[in-house]
Amino acid sequence: RTGSIETPKRDSNGFELLAGVSFEPAALIRGSIGIGYIQQRFRLPFYNDLGGLGFNATVQFFPTQLTTVTIRGNRSVLDSGIPGSGGYLSTQGSIQVDHEWLRQLILSASLGYQDSRFNNLDRTDGRISAKASATYRISRYAGLKFGFERLDQSSNGTDRYRAFKDNRATIGLTLTR
Numbered sequence: 001r002t003g004s005i006e007t008p009k010r011d012s013n014g015f016e017l018l019a020g021v022s023f024e025p026a027a028l029i030r031g032s033i034g035i036g037y038i039q040q041r042f043r044l045p046f047y048n049d050l051g052g053l054g055f056n057a058t059v060q061f062f063p064t065q066l067t068t069v070t071i072r073g074n075r076s077v078l079d080s081g082i083p084g085s086g087g088y089l090s091t092q093g094s095i096q097v098d099h100e101w102l103r104q105l106i107l108s109a110s111l112g113y114q115d116s117r118f119n120n121l122d123r124t125d126g127r128i129s130a131k132a133s134a135t136y137r138i139s140r141y142a143g144l145k146f147g148f149e150r151l152d153q154s155s156n157g158t159d160r161y162r163a164f165k166d167n168r169a170t171i172g173l174t175l176t177r
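No gaps in the numbering here: position 133 of the sequence shown is 133 in my numbering, and each next residue is one more.
Keep in mind that the hints were calculated from the coordinates and are not lab data. Watch out, some of these pointers could steer you wrong.
Stated by the list, open to error - Here are the computed distance ranges between Cβ atoms for each label pair: (1) 142 / 107: 16 to 22 Å; (2) 17 / 84: 26 to 32 Å; (3) 96 / 142: 35 to 41 Å; (4) 161 / 64: 38 to 44 Å; (5) 166 / 22: 30 to 36 Å; (6) 150 / 71: 16 to 22 Å; (7) 136 / 69: 43 to 49 Å; (8) 14 / 166: 27 to 33 Å; (9) 71 / 166: 21 to 27 Å; (10) 176 / 101: 15 to 21 Å; (11) 157 / 97: 19 to 25 Å.
As the list claims (entries may be wrong) - Cross-link-like lysine-lysine pairs, in silico, DSSO-like; alpha carbons within 30 Å at most: (12) 165 / 131; (13) 145 / 131; (14) 165 / 145.
For glycine and all other residues, C-beta sits at the position ideal for the given N, C-alpha and C.
Using the sequences and the hints given, assemble the complete structure.
Right, here's the structure in full:
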């Protein structure tokens, strides 16, 4: 990429070093959890380096043979497409419930949150998402999916972006082999 006065080059080197465990102590729970350190160093001194505690976790509970509860959490450094910021520290968490209502009908609902802290900017974004869907299996190889998603973003700081709400309804055909 070429840089300019408005957007200096964002060349960087980074790493994520996590240590953790995968587990399945009983038929009712399984997961993996990793914790460690993340860092992103930018070549140009214009951008501040990012780093700190990093983690990645997924835990699934099976309260019944027909229900799965999934909890996810993650903290990582991501690239920023915003002029003046080379990247941001993203902390995310979500919970999802899937239930096989009938043999051919799977209902799903999830709630998530993401906190994004941008380097070189006085800006922190918060995103709350809620999703609900129903998948009807037409056959062993095809399913029809109906979904609704709501996203609510807030932004704080002197370099904040506009807050917004987004509602989406979807219909899709899923093919599997």
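These are the hints, each one checked on the structure:
{"no.": "1", "hint": "142 / 107: 16 to 22 Å", "in the structure": "18 Å, holds"}
{"no.": "2", "hint": "17 / 84: 26 to 32 Å", "in the structure": "28 Å, holds"}
{"no.": "3", "hint": "96 / 142: 35 to 41 Å", "in the structure": "23 Å, violated"}
{"no.": "4", "hint": "161 / 64: 38 to 44 Å", "in the structure": "42 Å, holds"}
{"no.": "5", "hint": "166 / 22: 30 to 36 Å", "in the structure": "35 Å, holds"}
{"no.": "6", "hint": "150 / 71: 16 to 22 Å", "in the structure": "20 Å, holds"}
{"no.": "7", "hint": "136 / 69: 43 to 49 Å", "in the structure": "22 Å, violated"}
{"no.": "8", "hint": "14 / 166: 27 to 33 Å", "in the structure": "30 Å, holds"}
{"no.": "9", "hint": "71 / 166: 21 to 27 Å", "in the structure": "24 Å, holds"}
{"no.": "10", "hint": "176 / 101: 15 to 21 Å", "in the structure": "19 Å, holds"}
{"no.": "11", "hint": "157 / 97: 19 to 25 Å", "in the structure": "34 Å, violated"}
{"no.": "12", "hint": "165 / 131", "in the structure": "14 Å, holds"}
{"no.": "13", "hint": "145 / 131", "in the structure": "13 Å, holds"}
{"no.": "14", "hint": "165 / 145", "in the structure": "23 Å, holds"}
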